[in-house]
Amino acid sequence: MGFSTFYPSLVQHPSPLLKSFRNLLEALNDEELRRLAAKSSGLTRRYFGKTMRMFAPLYLSNECINSCSYCGFSRENAILRVTLELREIAKEALHLSEAGFRDVLLVAGEHPKFISNQYLVRCVRQLVDKFPSICLEVAPLEIPDYRELVLAGAEGISLYQETYHRPTYLQVHQFGPKKDFDWRLDGPERAYSAGFRRLGIGALYGLWDWREEAFALAAHIEYLLRTCWQAQLSVSLPRLRPAAGNFSPPHPISDREFIQLVCALRITFPQIGIVLSTRECSELRDALAPLGVTHMSAGSHTEPGGYTGQGSTHLHRTLRGKSLPVTHTEVSATEQFATSDKRSPAQVSQRLSELGLDTIWKDWDAAIFATT
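According to our numbering, the sequence shown is numbered sequentially starting from 784.
No lab work stands behind these hints, which were simulated from the structure alone.
With a cut-off of at most 20 Å between alpha-carbon atoms, the simulated PhoX-like pairs for lysine-lysine come out as follows: (1) K822 x K802; (2) K896 x K1105; (3) K896 x K962; (4) K833 x K1145; (5) K1145 x K913.
Required output: the full structure, derived from the provided sequences and hints.
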């Protein structure tokens, strides 16, 4: 049994901690929000110091067999697709390494023909000497498949539920294996059982009412802190961004509400990591950096080959699995979503320094567990 079994009762009969969290999500005036932010900032410094851990996404493939109405990689979109070869991944990785990154997130769509588990294992093995921390954001897997990735050198998994509201989930996931709500919901526990030491969860804000989404996410956090207690847990709070398909968020969350959400999570769960990507604009990222965020990406590209132009020689266009023509002027794969913060890693690092935060590029090495 996993979280999917207990989820309904945990939400219907919340713990005292979850009740306290719900209270923090109530509408606040300016002074109340300032006090919330000050408390959140103090807890972040107490648990994490004046630091910001940096990571970069490396997109391996934008092939996908799922039909997700909000995602640029959906099979319903006639986009330019590519799966990078190992030599191309090596060049993308070298670019990120030279920019200072030692923590990389490997991202791929879901397509068994192009993105097999053995392909992912080969990718991890190729990068393990260059990146002390390798995490993956891929489709949910069986425990043996997760274990192969751990043995190859991966240490973390990010698996976002997208929305915890089952009717909305079924509405926006119209075709493909991603339609299985419970299989995805229990994925982090399978990853933990396989040996992953870092677990990342989250919801995609804009699909459902943000307060209800946050409350369900908090229930998941509380459960995983209890059942997967040996892992480091982090949460990501992505908001929907423009992407192929032109999906319009039915429940947008404002910047003010977003700040309140970050602070409420930090106060309720002071020990977890909070991730903020380049989906958000530079001004908001700068404002949130001292308040509760612990992990940031920078200079990100959300298309395979985006950093160095790899994969341009074998692009193809598909719509629902059928091939369509590609013109000679089209030279790069389609991005998953548009980023907002366009600053380089060096510029983000400089700004964090101005805010009094130390940029951490590497905080883990497998040699810690090495025996002599």
